[in-house]
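Going down the list, the sequences are from chains A and B. Note that the working numbering numbers the first sequence so that position 185 is 185, with each residue one more than the last. Note that the working numbering numbers the second sequence so that position 81 is 81, with each residue one more than the last.
To be clear, the hints were calculated from the coordinates, so they are not data collected in a lab. A few of these clues could be false.
As the list claims (entries may be wrong) - Here are the simulated DSS-like pairs of lysine-lysine, each with C-alpha atoms no more than 27 angstroms apart in a straight line: (1) B/Lys44 with A/Lys200; (2) B/Lys124 with A/Lys12; (3) B/Lys102 with A/Lys80; (4) B/Lys44 with B/Lys6; (5) B/Lys6 with B/Lys124; (6) A/Lys241 with A/Lys200; (7) A/Lys159 with B/Lys102; (8) B/Lys88 with A/Lys200; (9) B/Lys88 with A/Lys159.
Stated by the list, open to error - With beta-carbon atoms standing in for the labels, derived distance ranges: (10) B/Lys6 with A/Tyr160: 53 to 59 angstroms; (11) B/Lys47 with A/Arg16: 47 to 53 angstroms; (12) A/Val267 with B/Lys33: 53 to 59 angstroms; (13) B/Ile86 with A/Val114: 41 to 47 angstroms; (14) B/Arg81 with A/Ser11: 37 to 43 angstroms.
Only a predicted model underlies this, so the values are computations on that prediction, with no experimental measurement involved. Every residue, glycine too, gets a C-beta built ideally from N, C-alpha and C.
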Amino acid sequence: MRHFLTPSDFSKEEWRNLLDLAERIKNDPKRYAHVADGKKIATLFYEPSTRTRLSFETAMINLGGSVIGFHSADSSSVSKGESVADTIRIIGCFADICAMRHPKEGAPMVAASVSPIPVINAGDGGHQHPSQTLTDLFTIRSLKGRLEDLTIGICGDLKYGRTVHSLIRALSEYSGIRFVLISPQALRIPSYVREETLEKNSIPYQEVEKLEDVIGDLDILYMTRIQKERFFNEEEYNRLKDSYVLDMHKMDMAKKDMLVLHPLPRVNEIAPEVDNDPRAVYFKQVQYGVYARMALIMTLLNLEEPSC
Amino acid sequence: MLNVGKLENGIVLDHIQAGRGMLIYQALGLDQKDCSVAIIQNAKSSKMGRKDIIKIEDTYDGVNFDQLAYIDPDLTINVIRNGELIEKRRINTPEKLVDVLKCQNPSCITTIEQGLHQIFVLSKDEVSGTGKHNVYRCAWCEQRYHVGR
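The shape of chain B in the complex, shown without the other chains (with noise of 0.2 angstroms):
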């Protein structure tokens, strides 16, 4: 097992299905970030077999991280304050993501209408077929929405 280092202050981000961490990593923007990031992909996990760990440092106070939904919604969010862990939570899914997604349909209306606000709804009953994570359509034009495309 590959080492990192304990997390004095920050947040881990655990249990993501393994190949899936660098699309949370560009989600979230870290690459823009001032605070270092240790990505962790393809480790061995009792119970998902492989998977991806990202570890945060820093407060990170006020990111919504169920927005990850449309990526990974099992992953787990654990908050570390002075190397202790004070939180560990699950995703709450959105029923609706707001200027999260942008829509990949070059036909949809969001391609040219002013201010208009990229919306996509959590579609219900709908299974996934490339692997677990949520469907969202855009609200507009209902094209679904491909994580990775």
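Just chain A, same shape as in the assembly (with noise of 0.2 angstroms):
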């Protein structure tokens, strides 16, 4: 049985599969429309989520899948105490496969630890976001035709945003890829990214802190969300803050083909006159998102493609 818990769960190929497959899917939804007849997915939400939760159950709805879960803690027997591992145990009676987003780092590796289904991570704590990272590849590999030689800029908080983190994890594995972090000094990646994926693998990066100053370098922009409250002193932030802004000014500077993309929600860090562009593409990224959940459940599932 696979579970889906970090991005190098999967090898380089099973990647390229499931992005393969997902094409299919996009090219052709309603083909796909029976492959999970009779099929359950439990989605265990330990903490709020609108997106991710969503995406998930429409990909099993329009799989012809059926949905059952719950949305917070306090509205399931967690909060009368009950271990993650019971959790589970239990769920995997009722479903056929989970996605599971928890506040606590390691949460869906010990589910898959004695779980009898597939356990998807839907994103534990800073950790990981592995599904994320599926939809985003799948966006930059749909709408750039690869995801070789490509300059990476991804913009914000890089210490506490896990999207990021399994991101930079995923693309490392791709030949040319380069990094360029831009961030506030006390936002920076964390050490274990920094030595485990990017050093070891020798994968060139830099880090600076204002975007305007490398914005005209990159084919992808990740921009994510950057809170006031993250910054060490508000010196630092009144000095950053409006550099972690992307406008139309600093749109001009970049080159014409570059994509923007964003696991959203976003608060003010685009600014909505972005939107409008067409290399703007967040909205169609989680569109993009259901697809590559569709191949991911369909792939866990070893459900087989249906016939021409």
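Combine both chains into one complex, guided by the hints.
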């Protein structure tokens, strides 16, 4: 039985197969409308989420399956003190696959260690969010036509942003990738990402504070939310805050074919005026996330591709 | 050179990286044991420059010294019986440490999940920047264990 807990759970070839399947689904979604008839996904969300949970649920419904689950720890037996291990053993009696979000890091790994059904990590604290990474890679590959030879700028909160850690780990598998990591000093990527992924694999990267200094070099700009309270002091916040807001002035400095991605929700780090720029693909990314999760569910459940 | 009496029966942990002797003393729980212990810190060493040594007057059977790999993988274990050295060996670095270390990440699932073993996995090819010891990561949250923190 396979689980999807971190991007490295799948080999590079398996990633390619997954992205190829997502591409076929995107091109003809109706063809896949009954591949999961009679199957159920349990969405176990111990903390609130709108996009990720609804994306998984929509993906399963689009495949012909159905959905059970809970949307917060308060509305489950967790509030009575039930362990993650016990919860997944019980859910395994009801559902065929589960997507779990948990505020504690490693919770989906604990679930997978005893689970009778495939477990998808839908975000565990600040650790990993591999299905968002799948969405990100699928979006990039669909719109850029490749995952190699790209300069990827990642901007914002790189310390606590789990989507960032998963994305760096996954993209490091591809040749010719260069990272430009744009963040305040206090919110740089954690040392384990730098040591275990970037330096271990000799991936070129640079760390800078200001987006406008590097935006012209980027093929992809991955924006993330940054909160004022994350800064160490107000002086640093005031000095840098404008650098982390993407507006048309900065977009004018970017390449004509640069793509802007964002895991959403967006607050004020992307000015609404950017939404109409064809390079802004973050809403398209949400739609691609559904196709990507459909492919993931099919893969983990070993569902057969429908005949033409 | 400071002289500490010869052991009749016991264990000598030698070639400990200077400054790590107390960490090993604590890791072995020697403060809880009913045995005599000598800790020699910062002793001169021709090979290492400086080193720590621990002498434990006890048979100390059944202790897994390999678990000390996270503190110092290069120490040597000398077993003394009736005043004679009967065994001298290095540490065999374990791939996994179970219930030896406690995850230092306050957001780790081990802080709330009942009955969960504290499992740490050797992170191969990873080099510690803070001295010569192995890098172990929590099997659940992947947080690196920092010795002495």
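Against the structure, the hints come out as follows:
no.	hint	result
1	B/Lys44 with A/Lys200	violated (35 angstroms)
2	B/Lys124 with A/Lys12	holds (20 angstroms)
3	B/Lys102 with A/Lys80	holds (26 angstroms)
4	B/Lys44 with B/Lys6	holds (18 angstroms)
5	B/Lys6 with B/Lys124	violated (39 angstroms)
6	A/Lys241 with A/Lys200	violated (32 angstroms)
7	A/Lys159 with B/Lys102	holds (23 angstroms)
8	B/Lys88 with A/Lys200	violated (35 angstroms)
9	B/Lys88 with A/Lys159	violated (45 angstroms)
10	B/Lys6 with A/Tyr160: 53 to 59 angstroms	holds (56 angstroms)
11	B/Lys47 with A/Arg16: 47 to 53 angstroms	holds (51 angstroms)
12	A/Val267 with B/Lys33: 53 to 59 angstroms	holds (57 angstroms)
13	B/Ile86 with A/Val114: 41 to 47 angstroms	holds (44 angstroms)
14	B/Arg81 with A/Ser11: 37 to 43 angstroms	violated (52 angstroms)
Comparing the model with each earlier hint shows violations of hints 1, 5, 6, 8, 9 and 14; every other hint is respected.
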